[in-house]
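My request is simple: use the sequences and hints to build the entire structure.
In case it helps, our numbering puts the sequence shown at residues 1 to 301.
Since no wrong hints were added, every one of them can be taken at face value.
Quick list of simulated restraints, FRET-style, between CB atoms: (1) 134 to 297: 39 to 45 Å; (2) 164 to 283: 45 to 51 Å; (3) 21 to 60: 18 to 24 Å; (4) 233 to 175: 20 to 26 Å.
DMTMM-like, lysine to aspartate or glutamate: derived pairs with alpha carbons at most 25 Å apart: (5) 2 to 131; (6) 25 to 62; (7) 132 to 68; (8) 57 to 21; (9) 132 to 62; (10) 132 to 90; (11) 132 to 7; (12) 57 to 24; (13) 25 to 72; (14) 132 to 157; (15) 2 to 73; (16) 2 to 72; (17) 132 to 154; (18) 57 to 27; (19) 57 to 254; (20) 2 to 36; (21) 57 to 90.
Hint data in this document are derived by calculation from the structure and do not stem from the laboratory.
Note that this is a predicted model, so its numbers are computed, not measured.
Cβ atoms here follow ideal geometry from the backbone N, Cα and C, with glycine treated the same way.
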Amino acid sequence: MKDFQIDDLHGIHAILYALFDEREKLDRAAMRRQVEICLESGVHGMAALGLATEASKLDEAERMTVMDWVIEDTAGRVPVALTIFGASVEEQVRQVRHAATAGADWLILQPPMVGQYSAAEYIRFFGRVAEKTDLPLAIQNAPALMGRGLTAADIHDLVRQHPNIRLVKGEGPVVDIAHLIEVTEGRLPVFNGRAGLELLENLRIGCRGLILAPDSIDYAVRAYEFFCDGWDEHAEEEYRRMLPGVVFTMQGIETLLCYGKRLFGERAGMAIHDRGPALRPTEVGIAMVRRYAAALGGFPE
Numbered sequence: 001m002k003d004f005q006i007d008d009l010h011g012i013h014a015i016l017y018a019l020f021d022e023r024e025k026l027d028r029a030a031m032r033r034q035v036e037i038c039l040e041s042g043v044h045g046m047a048a049l050g051l052a053t054e055a056s057k058l059d060e061a062e063r064m065t066v067m068d069w070v071i072e073d074t075a076g077r078v079p080v081a082l083t084i085f086g087a088s089v090e091e092q093v094r095q096v097r098h099a100a101t102a103g104a105d106w107l108i109l110q111p112p113m114v115g116q117y118s119a120a121e122y123i124r125f126f127g128r129v130a131e132k133t134d135l136p137l138a139i140q141n142a143p144a145l146m147g148r149g150l151t152a153a154d155i156h157d158l159v160r161q162h163p164n165i166r167l168v169k170g171e172g173p174v175v176d177i178a179h180l181i182e183v184t185e186g187r188l189p190v191f192n193g194r195a196g197l198e199l200l201e202n203l204r205i206g207c208r209g210l211i212l213a214p215d216s217i218d219y220a221v222r223a224y225e226f227f228c229d230g231w232d233e234h235a236e237e238e239y240r241r242m243l244p245g246v247v248f249t250m251q252g253i254e255t256l257l258c259y260g261k262r263l264f265g266e267r268a269g270m271a272i273h274d275r276g277p278a279l280r281p282t283e284v285g286i287a288m289v290r291r292y293a294a295a296l297g298g299f300p301e
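Here it is in structure tokens:
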């Protein structure tokens, strides 16, 4: 994005789903339409290749293809963040370099999804990747969803050692995020996720914004903007309307990928196909998706 400044990041950013066709291949047209819906909903940023994008089911070439697609489709209208997934420093550095060449504005580093190691080992790993780029970086810290993570004190040390690590992408309850903000003395912008659970409380404790899958992204954008304008009652109303679907889909990452993606598809008028292995929807789950989609309505044109 032209004139991008990391300190200006704020608001509701969409993290894209990986949308597949009936042959379980990435669906180019569906991915483009997803970006268009998010932009039409007024998102303040775009992101891809996190947990919602099922990066672990994509091979390296596919992850790089998604990088190219989202940057092409966003076309500089909002900042783009790309999550870097990989089991080794070498693999992550290859993707960091591709993301930079493609035109990413900032990157989110994930811990390697192999083994269980000490905080010192993860700090060394992140540091070796961070040294290979000048792009602003965030650390994705989602121990409840990923089974590995860092404490607030660990993150403070990591940022001190590597000044291009400028943000944190959290996935935790407000009380934990508040502690992280306190330990880092408010100098490290924090974005939370969790599909928008506790959205307004996150903003009240000082989160810079949230990075959310797009099922109810339009409601999240309106809630954020009403909150920033001091219209708390309107912000609460938008949040209340999206909350039942958020609670339903955010019962685990596989539930989000199964039913959150279908809630998005129902609202967008798009067929949803899974890439196995996957949690398969039940009749009860589909009926719930349709009720929530009917209550939310379609996306803005």
